[in-house]
Every structure is written in C-alpha cells, then in structure tokens.
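Protein chains: 2
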Amino acid sequence: EEVAKLLELKAQIGDEAPKKFTLKTPKGTRDYNPQQMAIREGVLKTIVAAFKRHGAETIDTPVFELKDTLTGKYGEDSKLIYDLKDQGGEILSLRYDLTVPFARYLAMSKVSTIKRYHIAKVYRRDNPAMTRGRYREFYQCDFDIAGQYDSMIPDAECIKIVAEILSQLKLGDFVIKVNHRKLLDGIFAACGVPEDKFRTICSAVDKLDKTFWEDVKAEMVDEKGLDSESADAIGNYVRLNGGLDLIEQLEADQVLCAQKAAVEGLKDMKQLLNYCQLFGVLDNVSFDLSLARGLDYYTGVIYEAVLKDAPEENGTKSKSGKKEDEVGVGSIAGGGRYDNLVGMFDSKGRKVPCVGVSLGVERIFSIMEAKAKKSKEKTRTTETEVYVATAQKGLSDERMKICAELWDNDIKSEQPYKLNPKLLQQLQHCEEMAIPLAVVIGQSEIESGIVKIRNIPSRTEREVPRADMVAELRKDLESLQSTASQ
Amino acid sequence: EEVAKLLELKAQIGDEAPKKFTLKTPKGTRDYNPQQMAIREGVLKTIVAAFKRHGAETIDTPVFELKDTLTGKYGEDSKLIYDLKDQGGEILSLRYDLTVPFARYLAMSKVSTIKRYHIAKVYRRDNPAMTRGRYREFYQCDFDIAGQYDSMIPDAECIKIVAEILSQLKLGDFVIKVNHRKLLDGIFAACGVPEDKFRTICSAVDKLDKTFWEDVKAEMVDEKGLDSESADAIGNYVRLNGGLDLIEQLEADQVLCAQKAAVEGLKDMKQLLNYCQLFGVLDNVSFDLSLARGLDYYTGVIYEAVLKDAPEENGTKSKSGKKEDEVGVGSIAGGGRYDNLVGMFDSKGRKVPCVGVSLGVERIFSIMEAKAKKSKEKTRTTETEVYVATAQKGLSDERMKICAELWDNDIKSEQPYKLNPKLLQQLQHCEEMAIPLAVVIGQSEIESGIVKIRNIPSRTEREVPRADMVAELRKDLESLQSTASQ
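Those protein sequence lines, which keep their order, are chains V and B.
Per the working numbering, numbering through the first sequence is continuous, rising by one, with the last residue being 670.
Per the working numbering, numbering through the second sequence is continuous, rising by one, with the last residue being 670.
No lab work stands behind these hints, which were simulated from the structure alone.
Nothing here was measured: the structure is a model prediction, and the numbers come from that model.
Some hints could be false.
The list makes no distinction among identical chains, and a pair is therefore deemed to hold if it is satisfied within one copy or across any two copies.
To be verified - Listed below are the simulated EDC-like cross-link pairs for lysine to aspartate or glutamate, each with C-alpha atoms no more than 16 Å apart in a straight line:
hint : residue 1 : residue 2
1    : K596      : E241
2    : K236      : E567
3    : K636      : D660
4    : K562      : E615
5    : K236      : D592
6    : K211      : D252
7    : K454      : D581
8    : K211      : D270
9    : K211      : E274
10   : K562      : E241
11   : K577      : E631
12   : K602      : D334
13   : K208      : D530
14   : K229      : D594
15   : K208      : D252
16   : K577      : D334
Let's have the full structure, built from the sequences with the hints guiding it.
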C-alpha cells in the first residue's frame, strides 16, 4: 500500500514538472496506420463473412477480467498475464485469450447453446517478435460452438470454417493438423506415464513444433522425472501422422487399444475425418500425433492450422538447437474442444460442452502487408468519390453549399480546407488520392447555373445544370462501379 | 515491491488451491450479448459511414500507453486513469481517451496532415452509472482533422458530421453547443481573473451543466480564491447563449473587446456560425458561453452535443443540490480544437493544429436498446439464409454434403448438430430464428435426385433438381431481398 501511495505521489509530481520522455508505443505493441488498417479491414471482412456464413452471432466482453477468473486456466503460461495495478478496488488482469472470457460469459449468463464469434485484442507479456507478427497486444478471431450436440459435428465445422477462411485469403498452401487429447492420454497411459503426469508430459510434447525430440525427451526425463523407456515409447507415437490410414494402424495397436481413452479418442477421430471428407476439406487435414497444444483446458479434439510455406521465415536453426523459425512458426490458427471450462465457473459445476478455433490474424496481417508492399499497387485508404473544387478565388461559400448537398445525399465528398486554393493543386490532389470525380465551379459556372463534372483519370469534363448535379454524379458513380466490378 | 511480491505469491497459491470466487465482470464493465451487439453494429455502421462520407481514414493505437504519455494531459481527471501493475518493464496505463494517443501517433509518425476516425474502447476509473450508459470501459468514436488549414473550415465540418450522425440515428432533437476557449479567456481577463487561474476557473465553469451557479461560484471563491465580484461578472457572461445575434451583442461589449483573446475568439465564432449556415446545420447549433469542457488541452473552438429530451432521465435533483440527471446528462458528443497537444510530444515542439469530435456511443447504445425493448420487434442476431433439414433418420451424410456446397457457394447456411433430428423441430427452429428458407431432403428426394425448397414464413414448398439447388436458392434469396427493401 505504501508503494502505491509513493507511486501516486510520484505521478502527481509528474503532473507538475514536465520531463523528458521516450516517444514510443509500449514494448510489443504498434500503431496501425491507414494503409495497415485498410489491409486489416479487408482480412477481418473475409473472416466475419465466413463466421456469418455459418450462422454465428457475436458477443463482446471487457478487456480486463477479475484476476481470479483467469487464474488456473493457462498452466505454465499464466506468468504471461498482464495485471492491473491495485488502485483500491478489484484485482484485475487483461484478458489472455477470448476463450476463458467466453466460458465466464456462458456461466454468468446461463447460456447453454450458442454459436458465436468474437474478434478482439488479447494481451500476453511474451517475448515479442514483431517482424514475424508476434506482438504483446494482438487480435484473435474466435469461433466457438457451445452446446450438447452429437459427436464431432460441431468439431468438423470448425475445421471447415478455418479451411474456407485460409483458402479465401490466398495465403498459400496450408494444413490443418488435428489430434485428440483423449488419444494422447491413452498413448501416455499405454507408454506407462503415471496419470498425474499426463498434463505436464503433454505440455512437453507441445514443444515439438519448436524443439527437436531429443530436447523434448530431456525435458520429460530430466525435468519431469519420466523414465527413459516411457519417453522413447511416446517418441515412437508422436512421430506419426497421416489420415484415415493412420486411424486403421492405431486401431490395430493392441497395447494402445487396451486403453479406454485411446479407443474413445480414435472413434472420435475416425468420425471427424469422415465428416471432413463430406465437407470437402479432408485434403487440408493431417492427423498428427505430435500435436498437443499448450493450454490445460482442452478435453477432446485439438487443431492447429499451419502455412506450408512462409518464405520470409525459412529455418535458421538457433544455437540452442531450437527449431525456432523452422517449423511451427507458420501456425496461424488453433483450438479444440473444452468440455469442462464452463463448469469451472458454474457454482453447481453445470457443464456446457464447447469446441472452437482461434485465428491468429496478426500473422495474416503481416503476410498481407508484405504482399501489398511487393505488389506496389497503392491501397486506397479513403473512399472519397467526389472532390469539390473551385477555379477562382472567393467561391468558398458556394463550394461549401455544394459539399453539404453532396453529404446530405450520401455522396462521399471532400473539399479543400483552404478558402482560395489553386485549381491545379486541387486536381493533383484528386489524382494522388485516386478520387474518381470532381465538381469544379468558377464564377461563370455559378452565373450560368451549371457545374462542371470532371472525370479525374480521363481528365474529361462535362457541364451539367446545377439542379441535376446530384443525379448526374450518381449516374457517373454507378457506371464507375460497374466498370470496376467487371 | 513487497506488496507486489506478496500478491504474486497469493496468485500462485491461487493457482494450486481452487477457491470460491465471484462470477462477474469488473465493476463498471459489461458483456454485450448478441442482441446488444446487433444494435451496436447498427449504430457503428451509421457512424463509420458518416466518417467515410467525409473522406476520413482510420488508424488504431494500443489499448495501453507509456504512463508518461498520458501524464499532464487531463488536468483534474488524471486520477481516473487505470495503471498497469509494474511487472518488471515499462510503466503503462490504459488509454483515457483517443485524442492523446492520436497526438502521440502524429508526433511519432511525423504526420502533419490527416483526417482520421478511430473507434475503440477507453478506460476511466469513474463512478459508473450503468443504467444511464456510463461505464468504466466504453467506446469512443473520434473524428479529427489535423493540419495547418484556413480558419474554421475543419472546425465547421466536425459540427456538420455530428449533426449528420445524430439526425440519422433518430435519437430525437439535439443541440450542438459551441464556444471558444479564447473567448472564455477573454471573458476571464475582462472579469479580472488573474491569468494563472484561467484553467482552474474554466474547469469550475465546466461544472455548470451538472451544478447550479451558486455552487460553481462557491468553488471559484472559496476553493479557488477568486474575488466575489469577478465571479459575479463571469456569472453574467456564462448565462448567455444564442446565435449570430449573441455575436453582435458581444462585439458591442467594449470591456470584453478590449481583450485581444476575446476579439480573436469572436471572429472565429462568427466565421464558424457562418459556415454552419452554409452547411445547413445552424438550426442545430447554440453559441453557449457556459460551455467550457473539462480537458486542459483545448485551445480554440469547443463543442458539446446534447439530446434535448432523454425521457428516461428526467431530473431528480440530488440532495447535494446537484443537477445530476437534469441537464447535461444528455451529452452525447464533445470535442474541440487542440493546437498544442502534438507539440507536447514533439522533441522540437513542432506543432500540428488539430480539431475533432468524440461521440460517446454507449449512451446511444443504451437509448437504442431501450427503443428495441419497447418496440418488441425481434432483432435478428444471425444472417442465416438457408437451413438444411432432413426428414428421416440416417441422412446426415447427404445433409453435410449439401451444407458444404452451400457454404462453398457463399450461401449462409446451418444444419442441426444432431444426426437424426425431428423434422418438426428443425422447421420450428427456422421459424424461431427467422431463417427464411430451408432445404429439406428425405430418402425419396435423394432417390429422385431432387431437393425440396421450403419458404419458412409462407410454409410453401417446391421441388427442384439437386443440380439446380444453388441457382434456385439464389433466385429465392434475391427475390426475398428485393421484397424486404421495398
């Protein structure tokens, strides 16, 4: 408390005496300029359209939660949570993902079935790698289906939706890895891992996308006290990946199939892959036993979508032997089934089964930005349709009246913020900003009751009666639009 | 520091031992459910359309800033800033508004002209009054014009844009109060206020919309040490409001016009009101000398838009004599000119003149929600166009294939998440959710290579060849759309 008082005192002093400061955004964060926003909006539009195509609603939750709400949900990653200062009130933390707030929302609002998407920023005090699109503040786009439903139908839809989005964004080839927590548990049991070590061993397996097997094994044996034979047995399993063929192979594994969890997991996986086939996305799916996902709360199917070639990032192996930047960094979406999370918030432990997927769109933004830079095509950051220009001095009143008329008729318009700008400069501005049309008025036009409409790209002009201006502009805009969409 | 350690220890213990906790969102915050989101999206769409109609770009900034960035910008309100815990790194605070981050952005990116909007949440540890739409986390919709331009042209456009938005949202009658900081300074000088008391006296005047003049006077005299005559003289000015007539009246005031600041302010106001007339919004504008605005950074024109009748909130005077809930709570937008703020961030003090306005949309959301509740018309929260239903058991494979085909053809579709649902229940679901069309398949349809298309509201069905399904659905959807838009 004393510390808080001192800090407050310091802050007050700061209010009085101006001091030098660093002009920057906080570590791991960035501003989006208008070009970046235009790209971001394009990506989010595609994603929202996909969510809506699948009948999803949307919700929103506060950027911070009671710290208790987040406690015990993220396993080893809890240390990355941002806490707010205790300013005399509740103890708060910034949200770490959108899944836990979603589960809190379901429990609190007593919602037992919903298909919702949520697009919002989340916060992690992680080591930022901003050139690769890894930030401390970043967007997540989550799609989740909550409800007691028949097995694997919602789970398969999550895969379908990710496949639709990644195809439409044209990010190159991708694969959606799938696995099942119950199957992993069955494997661990079959390999002789004691049950109380399932989660911690699972979290070691999760590092396989960034680390070599030898290091993962060392973590299991040296840090986590697993015997070496068990670790090797696990190693043989987690190297496997495939499709329906792998299901058959595992179904024939008698040691594995002595484990109830494994049998259940395999049954689910078989059904999931069948549904993926019906949905036409089986080619994008890889059943991958090395996929484990870090978070504690998954209970069934788990997913991870990976771009096959992210060319900027091809694999420099780091000194520590980590595969950092080689595999796994193409990861662009992840998720899974979490049937017990809502129950953790419900006073009666009432469960709401959930499955969902989260798109890590900052990486997508980074890729799109790099593409835009390469193509050198200018991204328009405004939608202005008409520029209202004056040919001589002293006509600003008339110009403003015209502007007001265009705005009132829902025509996107701008005018110079100078009383007496030069005509040439106004027209150059239109060309630079790719504004397609200009209304030009001079003294003679005002006297004759007309305006000139100028087509900026073709530099042609025509005169129309002042009274017909709006109708004529609408005609021009429509024909421009139909040309553009051809 | 010890406190921090203890808290961390406590948090770690929390990780181990599950404990009781309160299921709630933090004080002053709320979730948005799908109905509320649908309303929010409708409001934001209208606002964004207006911003784009005026040629604005958009930017985004992080939710937190270095604490130093916010220090010394908000005067008496600084105590309401949320700070983050010092977790070993930079000292951060949640943004308090979007204006200071915008100024920081301009200085950091060396942008000297931009017209931008920014829609994002801001954070204030204020006393929440959630039934009236006052929260600790709330959206602001800001529109600002930065650049060295001819006087009052951008300033008038801000008024025009607020008038457009409030008219389109149909919130009832509104008035946009305008005043000028230089004119206020001139009044203070003319009334004998010493210059070093201008800001603190201004901040007392700002309370006039919530407090009676007697209390404001008491604050000036008792708390802030102003002599009683000066306060009374101010009282005579700040009671005035009007239009171009008030300008004339003040221009004839020789005591006032002996003050250079007052003359400059009056000249600006005259020009502003003239431009408002050209823009067709003068009827919505009231030149109001009691308007002061709380924030320190304004240097010129200031605005505040107020709803004339907010019926839910009609005036219970509180015991303390405050007019809380009587006047001023209808305030729905505010802003002004701040020519020195960017310079505060620039190492060379380079200035970028700015003017802008901020819409407090939570109040608008609250009003719209109340309206929606009253009208009892159901707000659709999904956009699903087609429901794929099965008439008998065992047809889920075919159903999923149809779904995939519809999704791949960008038709918004859903199916039951059960293998063998009852047909009646599926059709009831369509009616409840206002889904306009259903594709119904049974064994006989599959065998004959057809599907049934059912119009849900009219309960009529027709059979179409399976191969024509997508084309036929598109036709139906188009005709539904053209009916709806008539």
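Comparing the hints with the structure gives:
1. When the C-alpha separation of K596 and E241 is checked against a cutoff of 16 Å, the pair qualifies only between copies, where the shortest distance is 12 Å, while the shortest distance within a copy is 31 Å.
2. With identical chains, the CA atoms of K236 and E567 are at most 16 Å apart between copies only, with a shortest distance of 6 Å across copies and 25 Å within one.
3. With identical chains, the CA atoms of K636 and D660 are at most 16 Å apart within one copy only, with a shortest distance of 13 Å there and 43 Å across copies.
4. Within a single copy, K562 and E615 get their C-alpha atoms as close as 12 Å, which meets the 16 Å cut-off; across copies the closest is 47 Å, which misses it.
5. Taking the closest pair of Cα atoms, K236 and D592 come within 16 Å of each other only across two copies (13 Å); inside a single copy the shortest separation is 32 Å, beyond that limit.
6. For a Cα distance limit of 16 Å, the shortest separation of K211 from D252 across copies, 14 Å, qualifies, whereas the shortest one inside one copy, 26 Å, does not.
7. Taking the closest pair of Cα atoms, K454 and D581 come within 16 Å of each other only across two copies (14 Å); inside a single copy the shortest separation is 73 Å, beyond that limit.
8. With identical chains, the CA atoms of K211 and D270 are at most 16 Å apart between copies only, with a shortest distance of 13 Å across copies and 22 Å within one.
9. For the homomeric pair K211 and E274, the shortest alpha-carbon distance between copies (8 Å) is at most 16 Å, but the shortest distance inside one copy (26 Å) is not.
10. In this homomeric assembly, K562 and E241 come within 16 Å of each other (Cα to Cα) only across copies, at 14 Å, whereas the closest approach inside a single copy is 34 Å.
11. For the identical chains of this complex, K577 and E631 are intra-copy neighbours only, at 15 Å inside a copy versus 78 Å across copies, given an alpha-carbon limit of 16 Å.
12. Within a single copy, K602 and D334 get their C-alpha atoms only as close as 66 Å, which misses the 16 Å cut-off; across copies the closest is 5 Å, which meets it.
13. Taking identical chains as interchangeable, the C-alpha atoms of K208 and D530 lie at most 16 Å apart only when they sit on different chains, with a minimum of 11 Å there against 42 Å within one chain.
14. Proximity of K229 to D594 under the C-alpha cut-off of 16 Å is restricted to the inter-copy arrangement: shortest distance 14 Å between copies versus 22 Å within a copy.
15. In the homo-oligomer, the alpha carbons of K208 and D252 lie at most 16 Å apart only across protomers (10 Å), although the nearest pairing inside one protomer, at 32 Å, exceeds that limit.
16. For the identical chains of this complex, K577 and D334 are inter-copy neighbours only, at 14 Å across copies versus 73 Å inside a copy, given an alpha-carbon limit of 16 Å.
In summary, the structure agrees with every hint in the numbered list given earlier.
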